[in-house]
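Go ahead and model the full structure; you've got the sequences and the hints to work with.
Chains L and B, in that order, give the protein sequences.
If you're matching positions, the first sequence starts at 1 in my numbering and goes up one per residue.
If you're matching positions, the second sequence starts at 325 in my numbering and goes up one per residue.
It should be emphasised that the hints constitute simulated quantities derived from the structure, not laboratory data.
Just so you know, even glycine gets a beta-carbon here, dropped at the ideal spot from N, CA and C.
Treat each hint with caution, since some may be false.
To be verified - Selected chain B positions facing chain L (in silico; Cβ < 7 Å):
hint	residue
1	N432
2	S509
3	S514
4	P589
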Amino acid sequence: MPLLAVNDLRTYFHTRNGIYRAVDGIDFSVERGETLGIVGESGCGKSVTCYSLMGLIPQPPGRIESGTALFDGVDLLHCTPKQARAIRGKRIAMIFQDPMTSLNPYLRISEQLIEPLLIHEKISRKAALARGLEMMTAVGINDAEKRIHFYPHEFSGGMRQRVMIAMALITKPELLIADEPTTALDVTVQAQILELIKKMQRELGMAVIFITHDLGVISGLCDRVQVMYAGKVVETGDTRTIFYQPKHPYTRALQRSIPSLQPKGSELYTIAGMPPDLSKPLPGCSFAPRCEFATDRCRTETPALSAQNADHPHACLRAQTGEI
Amino acid sequence: MPDPILQLTDVKTHFPIHEGFLVKRQTGTVKAVDGVNLTLARGEVLGLVGESGCGKSTLARTILQLVPTTGGTIVLEGKNLTAGSSAEILDARRNLQMVFQDPYASLNPRMTVYAMLAEPLLVHKVCPSAEVPARVAELMTLVGLAPRFMQKYPHEFSGGQRQRIAIARALALQPRVIIADEPVSALDVSIQAQILNLLASLVKKMGLSLIFIAHDLSVVKHISDRIAVMYLGKIVELGSAVEVIERPRHPYTRALISAIPTPNPDVERARQRIVLAGDPPSPVNPPSGCTFHPRCAYAQEKCKTSVPPLVKIDDGREVACVRIGEI
Ligand SMILES: Nc1ncnc2c1ncn2[C@@H]1O[C@H](COP(=O)(O)OP(=O)(O)OP(=O)(O)O)[C@@H](O)[C@H]1O
Ligand SMILES: Nc1ncnc2c1ncn2[C@@H]1O[C@H](COP(=O)(O)OP(=O)(O)OP(=O)(O)O)[C@@H](O)[C@H]1O
Ligand SMILES: [Mg+2]
Ligand SMILES: [Mg+2]
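Take a look at the structure:
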């Protein structure tokens with residue numbers, strides 16, 4: 001049984017301007033100790049997926065319309081508040097995309113860092129602070145004894161992000177959800193953080209959901225990759241398969257956009273057109289208006305993730321028939 | 325350099341550290357920027373890279389005079405921005421705009437996109453008020469946002485979309501110099517490519533100069549003419565973008581370049597990195613001499629005592645390492 005199994009998750013936002021289908025029926029699972037990478041265009045629902053699991057969707061306007069998310073047998077979307085509290089923040093921890101809004105500017109880092117420990121574990125303040133210091137050092141903040149008492153604004157962007165990472169790892173979670181945790185970090189510190197995550201995985205068997213736009217990071221870290229577009233999963237498979245045999249035209253376009261593979265100074269390849277308006281679902285494949293391979297069939301028939309190859313499902317009608 | 329648009333001379337920004345509960349005493353200083361000399365040519369794109377916490381954002385904020393300089397001068401088109409706040413200097417500062425690292429903190433959550441983009445246009449009377457809606461729509465299209473989103477609030481956008489709003493806002497006043505602090509970190513590769521193309525075309529079309537701060541070195545290499553590498557408040561290497569990335573000279577730059585992840589699983593997993601020994605040093609108690617020496621594989625006795633100046637070596641490159649001739 002996987003550690004986490006998400007089934008038909010739909011999260012919509014009901015706004016004055018219409019209903020935004022931010023997450024529109026996705027299925028995925030994560031095994032213990034496994035690292036799942038999630039990539040996809042900005043606004044395709046990666047963060048909303050994770051927020052749904054963490055019970056962080058602002059309701060209203062958001063609403064979880066359907067689905068289940070079984071974590072070790074407990075449905076995160078329908079469990080009691082008490083069950084949820086025992087899991088979220090302890091057994092599942094999340095690192096947020098925007099460190100500044102998730103840190104309280106009026107509280108010293110030390111207070112925020114040890115809070116999850118004080119809530120979830122029977123531990124003295126002194127012992128919690130010691131664990132906090134240890135974690136600060138582990139994420140590469142030196143002078144930790146002094147800096148643990150700083151306020152968030154006294155840290156650089158990357159240091160705040162490392163504090164967030166320390167906060168998430170301090171309870172030794174079974175599942176870490178990391179929403180672009182290293183985009184604010186330089187590559188040497190990023191490498192150090194990725195090593196730390198790998199080490200925690202080896203030692204604790206921690207599973208990781210890792211959202212990033214950096215395909216370089218995905219290639220070094222993830223076992224499997226899930227590609228999302230407009231609220232849906234369009235392709236998923238093990239990392240080598242996604243990199244070396246991508247099927248869905250969106251995945252292929254994503255790879256063509258990588259700057260390091262294009263000549264310097266040239267105009268970089270971009271995917272033509274704009275992402276679809278999630279409040280006005282079109283018939284057919286949502287990538288079709290931007291897809292160079294789209295036919296009339298793609299514009300009328302909605303593709304489902306193919307079941308023909310369970311290890312590498314994708315939602316492209318033309319790839320499924322072998323035409324492209 | 326002939327006729328630079330922006331010239332920094334020995335710029336320093338230090339922050340006091342206070343301690344104590346009731347009576348605050350200054351117990352130290354963070355030397356976030358510590359003696360930076362840099363020129364920016366007209367139409368040039370200068371990439372600024374370096375370890376997290378080395379002072380890139382502080383340098384950017386100092387250039388914009390959002391934090392006071394502790395020392396040195398910042399001259400924009402002949403005007404010394406550090407010399408007070410006369411009307412002339414305030415006007416000159418308008419020619420400098422910034423795109424921040426953190427779009428969440430820099431966008432007002434209570435303003436619609438329209439209000440945010442119209443505000444600078446109205447305040448600075450950039451165009452007649454009847455033309456403001458059209459100009460806002462134009463700015464939105466410029467950064468790849470559909471004008472139909474005009475009446476939405478920041479929280480209704482995804483991270484990447486918000487970053488585009490911030491870029492549109494910086495462009496509203498048609499500045500001469502833009503300092504972009506990690507403008508594309510939050511964007512997916514395709515949108516990132518659009519923004520990079522956009523910035524590159526703005527530089528060409530409007531003769532804009534750009535200081536581009538980012539951690540993704542392949543992006544920095546792509547867009548920049550020159551790259552400056554910063555370490556602990558100082559510039560340690562400066563040279564043409566291709567040269568710095570392909571033939572890094574300073575030991576820190578070498579380590580940095582070796583850590584760039586490759587988007588290719590087989591290559592990435594087999595790759596050797598130069599792992600830096602020790603932690604990033606603290607700018608509160610920086611190491612003596614060359615501040616990189618405790619982590620440097622080439623460090624010798626002399627590196628612990630003398631502060632290496634940034635000196636020109638062969639190909640026009642400038643490097644701050646006393647052993648550069650030997651390593
Ligand atoms: N509070 C909200 N109200 C209305 N719409 C929302 C709200 N929060 C998110 N959305 C919409 O949900 C969609 C998915 O957003 P999400 O933040 O999950 O994107 P993402 O994939 O994480 O993008 P990024 O890579 O930019 O972080 C977006 O189109 C966004 O406009
Ligand atoms: N207001 C402040 N008070 C005290 N120290 C500060 C303040 N602002 C920044 N610092 C310190 O100055 C140093 C440089 O910070 P800065 O934000 O410039 O780094 P950066 O290079 O932009 O890093 P990143 O890549 O993580 O954004 C850090 O050590 C930070 O803790
Ligand atoms: Mg997101
Ligand atoms: Mg910064």
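Here's how the hints hold up against the structure:
Residue-level restraint check for B:N432 is violated (minimum Cβ-Cβ distance to chain L is 13 Å; threshold 7 Å). Of the supplied interface hints, the one on B:S509 holds, with its beta-carbon coming within about 4 Å of a beta-carbon of chain L, less than 7 Å. Taking 7 Å as the C-beta cut-off, the interface hint given for B:S514 holds, the closest approach to chain L being about 5 Å. Interface hint status for B:P589: upheld, as the beta-carbon distance to the closest one in chain L is roughly 4 Å, under 7 Å.
The structure is inconsistent with hint 1 alone, although it conforms to all the rest.
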